[in-house]
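K.L.:
Residue numbers for the sequence shown follow the numbering used here, beginning at 1 and rising by one.
The hints are simulated quantities; they were obtained by calculation from the structure and are not laboratory data.
Among the hints, a few may not be true.
Claimed, not checked - Quick list of simulated restraints, FRET-style, between CB atoms:
1) Glu161 / Arg481: 28 to 38 angstroms
2) Arg481 / Gln163: 29 to 39 angstroms
3) Glu120 / Thr471: 38 to 48 angstroms
4) Ala498 / Thr471: 31 to 41 angstroms
5) Arg354 / Lys393: 45 to 55 angstroms
Glycine included, every Cβ here is placed at the ideal spot set by N, Cα and C.
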Amino acid sequence: MPLAFSLNPSRGSAAENRQRTSPNQPRSNRPFKAVGSDSSSASDNPAIKSPEGRSTKIIERRSPTSLEREKKRSIKMTDLEAQLLQLQGDLKKTKDQLISSESRKMRAQQEVQATKKQLEEFSTAEESRLFELRKISQERDRAWQSELEAIQKQHSVDSAEIQRLRMQLELVLKAQAAREKQFDEERLELEELKQDMADALSTIEDLKSRLRGSEKAEADAKALFEEAKQQLEASKGTIDTLLTDGSKLMDSFSLVVKELEESRARVKSLEEMVKSSQKLGTKELRSALGETEIMFFEEQILRIIQINYATESMEKMKIDSDQRETKLKTALESTKSEVILLKANLFDKDAEIRNLSDVNKKLQMELDREKMIQKESTLDSNIKEGLKAEATKLKEKLTDISEENEKLKLEIINREIENCKAHEEAVNDAKLARDREEAALMKLKTASEKAEENGKREAAAVEKLNKALETKSEMEAELRRVRVQAEQWRKAAEAAMAVLTVGNNNGGFLERTESLDSKSHSVAKKLMTTFPFSDDLGDDESASRKNSTTMLKRISGMWKK
Numbered sequence: 001m002p003l004a005f006s007l008n009p010s011r012g013s014a015a016e017n018r019q020r021t022s023p024n025q026p027r028s029n030r031p032f033k034a035v036g037s038d039s040s041s042a043s044d045n046p047a048i049k050s051p052e053g054r055s056t057k058i059i060e061r062r063s064p065t066s067l068e069r070e071k072k073r074s075i076k077m078t079d080l081e082a083q084l085l086q087l088q089g090d091l092k093k094t095k096d097q098l099i100s101s102e103s104r105k106m107r108a109q110q111e112v113q114a115t116k117k118q119l120e121e122f123s124t125a126e127e128s129r130l131f132e133l134r135k136i137s138q139e140r141d142r143a144w145q146s147e148l149e150a151i152q153k154q155h156s157v158d159s160a161e162i163q164r165l166r167m168q169l170e171l172v173l174k175a176q177a178a179r180e181k182q183f184d185e186e187r188l189e190l191e192e193l194k195q196d197m198a199d200a201l202s203t204i205e206d207l208k209s210r211l212r213g214s215e216k217a218e219a220d221a222k223a224l225f226e227e228a229k230q231q232l233e234a235s236k237g238t239i240d241t242l243l244t245d246g247s248k249l250m251d252s253f254s255l256v257v258k259e260l261e262e263s264r265a266r267v268k269s270l271e272e273m274v275k276s277s278q279k280l281g282t283k284e285l286r287s288a289l290g291e292t293e294i295m296f297f298e299e300q301i302l303r304i305i306q307i308n309y310a311t312e313s314m315e316k317m318k319i320d321s322d323q324r325e326t327k328l329k330t331a332l333e334s335t336k337s338e339v340i341l342l343k344a345n346l347f348d349k350d351a352e353i354r355n356l357s358d359v360n361k362k363l364q365m366e367l368d369r370e371k372m373i374q375k376e377s378t379l380d381s382n383i384k385e386g387l388k389a390e391a392t393k394l395k396e397k398l399t400d401i402s403e404e405n406e407k408l409k410l411e412i413i414n415r416e417i418e419n420c421k422a423h424e425e426a427v428n429d430a431k432l433a434r435d436r437e438e439a440a441l442m443k444l445k446t447a448s449e450k451a452e453e454n455g456k457r458e459a460a461a462v463e464k465l466n467k468a469l470e471t472k473s474e475m476e477a478e479l480r481r482v483r484v485q486a487e488q489w490r491k492a493a494e495a496a497m498a499v500l501t502v503g504n505n506n507g508g509f510l511e512r513t514e515s516l517d518s519k520s521h522s523v524a525k526k527l528m529t530t531f532p533f534s535d536d537l538g539d540d541e542s543a544s545r546k547n548s549t550t551m552l553k554r555i556s557g558m559w560k561k
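Just need the whole structure built from these sequences, with the hints factored in.
P.N.:
Structure, rendered in structure tokens:
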């Protein structure tokens with residue numbers, strides 16, 4: 001019974017307050033506060049059964065104030081009876097709740113036992129699974145380790161191949177640079193050859209212009225040539241005169257030598273005379289000797305000066321003649337070059353000759369016509385003589401022109417030969433230049449093809465390297481993912497075991513069963529769908545389950561990962 005009051009403390013406290021707040025109620029009536037535990041005992045109490053008889057007696061004995069009190073008491077009694085009825089209903093409800101709670105406890109005990117069995121089975125299965133997972137993880141680790149070693153070996157091989165390819169690329173680049181340099185040099189040579197060809201063409205054009213302009217200089221060259229011939233003849237005459245003068249000077253020099261010898265003989269004779277004439281005065285003799293010696297030396301000096309002047313004049317004449325000869329040689333060479341240039345005039349002269357021949361033909365046609373006319377009609381003798389004179393003049397002109405034409409033809413032939421030689425040399429040079437250009441182009445093509453092949457090889461090597469690096473990165477990521485999964489599996493298993501052990505060691509039977517129920521329910525719901533649990537628990541237990549399932553949800557999430 002105290003359990004019933006404890007379950008409804010609000011109502012009991014309200015009844016006690018009401019009994020205490022009534023000051024007019026006597027103490028004899030307080031036992032109504034302690035109501036019996038059963039409804040039968042409450043109905044058998046005489047104080048409760050005989051209120052009507054006693055009230056009549058009290059009305060007879062007591063005053064109206066007591067009547068009012070009695071009324072109040074009766075009202076309170078009715079209230080108390082109503083409260084008792086409510087309390088009895090509450091007791092029945094609490095009894096029903098206790099019965100249901102005991103049945104739930106029995107159910108929970110049964111479920112706990114079942115869950116214990118299931119947890120034991122689950123723990124054994126989990127241990128076997130963990131063992132298998134460890135084996136699988138170890139095997140995978142070994143496989144990944146072997147694959148890593150193979151990848152590392154492949155990477156080392158790839159790195160060596162990459163280094164080899166880099167060396168090849170460097171060599172190819174060096175070869176390309178050398179080829180480019182060679183190509184640039186050949187290009188420069190080709191440009192130089194083109195410039196030389198252009199210069200040669202320009203020089204040829206200049207020569208043509210000079211040949212065209214040499215017609216005017218031809219007469220001057222001939223005049224200069226004649227003048228040079230005259231000067232040569234004059235220089236030859238002067239050389240002959242100089243030679244004669246030289247022979248005369250040599251004769252005079254021999255005469256001077258003879259005179260010197262004679263003077264020496266005279267000196268000797270004078271010395272003899274001096275020796276013989278010692279009787280004479282020494283001063284006079286010495287003065288005479290000095291004068292004679294001075295005169296002799298003066299004559300010798302004059303003769304030597306004349307000889308030197310003659311030799312110098314001879315040398316000057318020789319130098320002048322040599323200079324004139326060099327000038328004449330240069331003039332001859334210039335005239336030869338001008339003659340070579342004048343050969344270009346032959347074409348024009350040929351054209352003139354052709355024109356003259358055409359004119360001659362026309363004149364002959366006219367003569368023939370005139371002859372025919374003469375045959376037909378008699379003309380005056382003056383006209384015939386004039387025509388004959390004109391015909392003779394034309395014939396003479398034709399002969400002169402034909403002679404000049406032959407000369408010009410000879411010169412043209414010589415010039416054509418020289419031009420052909422120059423043209424052949426130019427053609428040969430052009431062919432050589434073209435051959436060099438073709439060789440350079442072939443070298444360029446081969447170099448470009450080799451460069452393209454090397455570029456393709458380099459691109460293939462780079463693609464292989466990128467693929468190897470991608471496979472390596474993928475393998476490393478897969479290894480990391482597997483390791484992370486293994487760590488997550490291990491942590492999840494340890495957390496599940498820890499949660500299970502903590503749930504088994506917690507105090508309180510009902511809390512332990514509820515936590516085990518919730519854990520087993522969540523684990524069974526997330527991991528083991530083949531083990532169904534009963535979901536017949538009430539709403540009060542579901543709230544407590546929500547708080548305890550947060551950790552297991554995390555564990556289940558880790559299991560799912």
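K.L.:
Can you list which hints this structure breaks, lowest number first?
P.N.:
5
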